[in-house]
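A.B. asks: Construct all of the structure, not just a fragment, from the sequences and the given hints.
2 protein chains.
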Amino acid sequence: MTTRVTCVQLAPVLSDPDGNIERARSAIRAAVGDGARIVVLPELATSGYLFESAGEARDASITADDPRLAAWSAEAARGGAVVVAGFCERGADGLLHNSALVLDGAGVRAVYRKVHLWDREKTLFAPGRAEPPVLDTPYGRIGVLICYDLEFPEMPRALALRGADLIAVPTNWPVVPRPDGEHPPEVVAAMAAARASRVLIACCDRSGAERGERWTRGTALIDQDGWIRASTASEGGRATADLDLAAARGKRLTDLADVIADRRPELYGELVRPDRGTGRAG
Amino acid sequence: MTTRVTCVQLAPVLSDPDGNIERARSAIRAAVGDGARIVVLPELATSGYLFESAGEARDASITADDPRLAAWSAEAARGGAVVVAGFCERGADGLLHNSALVLDGAGVRAVYRKVHLWDREKTLFAPGRAEPPVLDTPYGRIGVLICYDLEFPEMPRALALRGADLIAVPTNWPVVPRPDGEHPPEVVAAMAAARASRVLIACCDRSGAERGERWTRGTALIDQDGWIRASTASEGGRATADLDLAAARGKRLTDLADVIADRRPELYGELVRPDRGTGRAG
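These protein sequence lines are chains B and C, in that order.
Letter 113 of the first sequence, counting from 1, is numbered 113 in the UniProt record's numbering, and no numbers are missing.
Letter 101 of the second sequence, counting from 1, is numbered 101 in the UniProt record's numbering, and no numbers are missing.
These aren't lab readings, by the way, just hints derived from the structure by calculation.
Be aware that a few hints might be false.
What the hints assert, rightly or not - Taking CB as the label site, the calculated pair distances span:
hint : chain 1 : residue 1 : chain 2 : residue 2 : range
1    : C       : L95       : B       : E235      : 33 to 39 Å
2    : C       : G80       : B       : G181      : 33 to 39 Å
3    : B       : D119      : C       : G105      : 41 to 47 Å
4    : B       : G163      : C       : D59       : 40 to 46 Å
For glycine and all other residues, C-beta sits at the position ideal for the given N, C-alpha and C.
C.D. replies: Below you can see the structure in the form of structure tokens.
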């Protein structure tokens, strides 16, 4: 059985939460109308990205119980869909977070606060202090990461070990140089992570431009063999694939090779001695 | 300062250790003569791969102190080179291992026994019980993995955390299907691992054919940005690149982003609870 998964490569407008929430609602409606049962939107889809100050980010932030999100939930309800989307979160404690929410027709089911903040995000947001969610849904188990999180191989691996079938990854990937013919490096990381743990990965990048910055538009749906099943480089484009989430529960490559059971964690050294795994770089 | 690194995509002949050791010696001589200071040869370069029985593997095995290896050392000595090569090892305890040695002009400096045995190898070899070596050399710190090891993201990550600048990976990659235009999946894994930890990776595949099996011939030298600097698809071909091993000590992507210092191991869940990280698959 397959589930239609759609990523919408929206172009959020900086500091326009009302407009962004409405554009996202419209995108969810269209995707669900076309049969999507899992819809992924970009990182910071409600706010845009290139804040010049924490004050600017605060002005564009919303709380996870913002009543405007009920409109997203209503669209999800039309198809029994699950939505994963990045948003600029103002916590109950007043701190700002680069977060993602998972919602369905009943409302917000989980909020994840980005653990690995990229570059200047460190000056704007408080880092997450909790592991990402892995949620049971009617379609399978969905894990969530945000952008730079995915570039730490520990993160998708940990979610796969916790049973995620599909990892949804709202992102804002700025354009970086790459050799002709190569995928964006973040997509290479996603392909490797998918194959390493035989898990599905749905990366939803953004489009548009803000203050001179452009994004890679690297949205990609990746299967458990590590190959791209759908992508889009278009402004506002959609990538859709019908994916078999249950297939991600089979971890065997051959009768005698299994990417999870073959692990030898007792020999992973620094990875299982976390007190020694940090702080090398100055 | 750069170091010339050469991988020689040899075609070992099954069950011909004498001939394979001589062919490898000749390959080391040629590479060192052309300026290589780090030379990587394939997995099981002394024995070939497709044994039909443990007895056949035993007949093709050598010990790590086999006197014939002195000829490799003599060739390394001509250029002060370091050689990493796979071999079929008969241990002092009589067990067979899929191993790699690191040698220089002074002789064998380290032996690594493959930790993750691939498929039927489990019926032929005893798995390694020790973490891979990371050796100081005049050119930088060299870590060693063998083939399927590299597909466990924990392994290259752990070597990078232990300070490896370059990871040498003798491999025998059997051909697997892949979409047009894509790299072999094992190369994708190597590219992602290199970039994730900003470490150099030199994968040396084999060529030739044995009992109907063919190899991917995916030899690739990958830089710390995750891009392929040299490769060869030829039978017996060489891939050579002048690589800056010291560059692998810089882990920053920007002033505020560092692929090692940004880790959050306290949130890597199953990876730091090894007792829970195995045995999911049936």
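A.B. asks: Look at each hint and say if it fits the structure.
C.D. replies: Now for the hints, and whether the structure bears them out:
1. L95(C) with E235(B): 33 to 39 Å: 60 Å, violated
2. G80(C) with G181(B): 33 to 39 Å: 37 Å, holds
3. D119(B) with G105(C): 41 to 47 Å: 45 Å, holds
4. G163(B) with D59(C): 40 to 46 Å: 45 Å, holds
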